[in-house]
Amino acid sequence: GQNIDQPTEMTATEGAIVQINCTYQTSGFNGLFWYQQHAGEAPTFLSYNVLDGLEEKGRFSSFLSRSKGYSYLLLKELQMKDSASYLCAVFGVAGTYKYIFGTGTRLKVLA
Amino acid sequence: EAGVTQFPSHSVIEKGQTVTLRCDPISGHDNLYWYRRVMGKEIKFLLHFVKESKQDESGMPNNRFLAERTGGTYSTLKVQPAELEDSGVYFCASSQQGLTGELFFGEGSRLTVL
Numbered sequence: 001g002q003n004i005d006q007p008t009e010m011t012a013t014e015g016a017i018v019q020i021n022c023t024y025q026t027s028g029f030n031g032l033f034w035y036q037q038h039a040g041e042a043p044t045f046l047s048y049n050v051l052d053g054l055e056e057k058g059r060f061s062s063f064l065s066r067s068k069g070y071s072y073l074l075l076k077e078l079q080m081k082d083s084a085s086y087l088c089a090v091f092g093v094a095g096t097y098k099y100i101f102g103t104g105t106r107l108k109v110l111a
Numbered sequence: 001e002a003g004v005t006q007f008p009s010h011s012v013i014e015k016g017q018t019v020t021l022r023c024d025p026i027s028g029h030d031n032l033y034w035y036r037r038v039m040g041k042e043i044k045f046l047l048h049f050v051k052e053s054k055q056d057e058s059g060m061p062n063n064r065f066l067a068e069r070t071g072g073t074y075s076t077l078k079v080q081p082a083e084l085e086d087s088g089v090y091f092c093a094s095s096q097q098g099l100t101g102e103l104f105f106g107e108g109s110r111l112t113v114l
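As they're listed, the protein sequences go chains L and A. Residue 1 is where the first sequence starts when you use this note's numbering, and the numbers rise one by one after that. Residue 1 is where the second sequence starts when you use this note's numbering, and the numbers rise one by one after that.
What the hints contain is simulated information worked out from the structure, not anything from laboratory work. None of the values given here were measured: they were computed from a predicted structure. This list has only true hints and no planted wrong ones.
Over the 10 Å line for every Cβ pair with chain A, so calculated as not near, a few chain L residues:
| id | residue |
| --- | --- |
| 1 | Thr11 |
| 2 | Val18 |
| 3 | Thr26 |
| 4 | Gly53 |
| 5 | Arg59 |
| 6 | Phe63 |
| 7 | Val109 |
| 8 | Leu110 |
Each computed EDC-like pair below joins lysine to aspartate or glutamate, with the alpha-carbon atoms no more than 20 Å apart:
| id | chain 1 | residue 1 | chain 2 | residue 2 |
| --- | --- | --- | --- | --- |
| 9 | L | Lys108 | L | Glu14 |
| 10 | L | Lys108 | A | Glu42 |
| 11 | A | Lys41 | L | Asp5 |
| 12 | A | Lys15 | A | Glu83 |
| 13 | A | Lys41 | L | Glu9 |
| 14 | L | Lys68 | L | Asp52 |
| 15 | A | Lys44 | A | Glu83 |
| 16 | A | Lys51 | A | Asp24 |
| 17 | A | Lys54 | A | Glu68 |
| 18 | L | Lys76 | L | Glu14 |
| 19 | L | Lys68 | L | Asp5 |
| 20 | A | Lys41 | A | Glu83 |
| 21 | A | Lys54 | A | Asp30 |
| 22 | A | Lys44 | A | Glu102 |
| 23 | A | Lys78 | A | Glu52 |
| 24 | L | Lys57 | A | Glu102 |
| 25 | L | Lys76 | L | Glu55 |
| 26 | A | Lys41 | L | Glu41 |
| 27 | A | Lys44 | L | Glu41 |
| 28 | L | Lys81 | L | Glu9 |
| 29 | L | Lys81 | A | Glu107 |
| 30 | A | Lys44 | L | Asp5 |
We treat Cβ as the ideally placed atom computed from N, Cα and C, and that holds for glycine.
Using the sequences and the hints given, assemble the complete structure.
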């Protein structure tokens, strides 16, 4: 199967750094995406990894290790508005054009 | 530029009735996806259009679900007859030509079947 696992909930303090992990059991995919979703709103794109390593985009960074079946999203200088769900998704498994999503991690940022 | 729009935002129907959800993707986006999220579960793939053609419909639950994309523009997803387990949020997403681009999601259509 293509299980994609993420922690259900995380809590962090404003100004801190938080790492949200995503592990998957799948072989051969094009890329791994991270999306942010605020309650009642559409998921929005954050970051995308094709190759192993770190991709940095401002306060957000994403890391991928294909050999370890592992990705993480790093959020720095947390702000209250970062309270949201964070979705990990793999794209292009076994030559398909599907995005397969994890269950998402609900992040609460406290003052 | 308008984003992905979905209609209705919320639909409440009784078991056995029919509902049609509509999605207008971003203009020029060839790829259109339908996803569904039931409470507490992950967002699950339903199907993928490239222009007007169904590229992959392996995620469609059963033959009560019918998706169309006439003319390669907007898409509809019809559920007939609806069952209780069809309740959830139906997301539409689109992306540009080429299959490695980011997905742009609509805000979803929440379906409640009573």
